[in-house]
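> Sequence:
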Amino acid sequence: MGLDGVINVLKPPGMTSSDVVVYLRRLLKVKKVGHTGTLDPGAAGVLPVCIGKATRLASLIVEEDKVYRCEMILGAETDTLDSYGRVISTSNDYPSFEDIKRAFEEFRGRLKQSPPMHSAIKYRGKKLYEYARQGQQLDIPWLEREVTIYRNTILQYLPPNRVLFEVECSKGTYIRSLCRDIGRTLGCGAYMGFLLRCRTGRYTIDDSYTLYEIEEHLLKGELDKVVIPMDKAVEGFERVDVPSIHYQKLINGNPVKLAARALKLEKLDHQVPIRVYCRGQFIGIGMVKLEEDYIHIKMDKVLV
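Numbering-wise (numbering that gives the first Met the number 0), the sequence shown opens with residue 0 and increments by one.
Since the hints were derived computationally from the structure, they do not count as laboratory data. Keep in mind that the hints are not guaranteed to be accurate.
Taking lysine-lysine pairs in the DSSO-like style, the calculated list, with each CA pair at most 27 Å apart, reads [to be verified]:
| hint | residue 1 | residue 2 |
| --- | --- | --- |
| 1 | K231 | K170 |
| 2 | K300 | K248 |
| 3 | K231 | K219 |
| 4 | K256 | K31 |
| 5 | K28 | K224 |
| 6 | K300 | K231 |
Values in this document were obtained by computation on a predicted structure and should not be read as measured data.
Full structure from sequences and hints, please.
Spelled out as structure tokens, the structure:
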């Protein structure tokens, strides 16, 4: 039996997300390992890592909303938009706390956001940070993306220029860019002092494990305590139990048609992922098509 599941890793600052993947691949002696959304090298926090067959679930976890805690430093902007970069502008004209609160109110809801040049987004086969390291600044309007800030709450203001806040946002949101944009709105510039990812979907920092803790559980033969089974990793999706007679059709990628009344479902929407069980086991993620009193199920990710 292979090792299949998700580990909620507490990524330390100083490691890239890819570094964590390489570390776990060597530690667990598993070929297939993948993370579920890049976390800045200088940042720490929740980084769900998929192991074995669970790597096929990574795209679902990536879509989840995120929660961060961040320190924003006013009065300067850096080329990387964080504390690790080179200062490119400064200002001693610090805003009042009332102005800061008004600026935060502006950055809620759906926003247009440009990613940092020092990021892993690819353009013409190269990552943006590779262009940045060569001194190239690209003006690429199509890189601007729409993100959603569900809430941004100021937790503490330390005059004259430090703001600790928490933000809940959609996938693809760059907190560095958020700090930059708030700083520019205030007219004094800003950069991200530190960043902690507190939650990705159902994965919280309270339930995460350091790399040291994962290694300790491995040495004790208790790895099952840190590896979340594949069906639990996506338990936010509706469960559908399909009669055993359809097993072969499902795992071969063929659709099956079932009477809706025969399935005990709390809620089911058209074209949404569902957890499919057959012969008493979780066989993967399927997609649903509704048709009057029937539903059509076709497997999207077969995990057996």
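> Next step is simple, just say for each hint if it's right about the structure.
Here is what the structure says about each hint:
| no. | hint | verdict |
| --- | --- | --- |
| 1 | K231 <-> K170 | holds (21 Å) |
| 2 | K300 <-> K248 | holds (14 Å) |
| 3 | K231 <-> K219 | holds (23 Å) |
| 4 | K256 <-> K31 | violated (33 Å) |
| 5 | K28 <-> K224 | holds (18 Å) |
| 6 | K300 <-> K231 | holds (15 Å) |
Hint 4 from the earlier list is the only one contradicted by this structure; the remaining hints agree with it.
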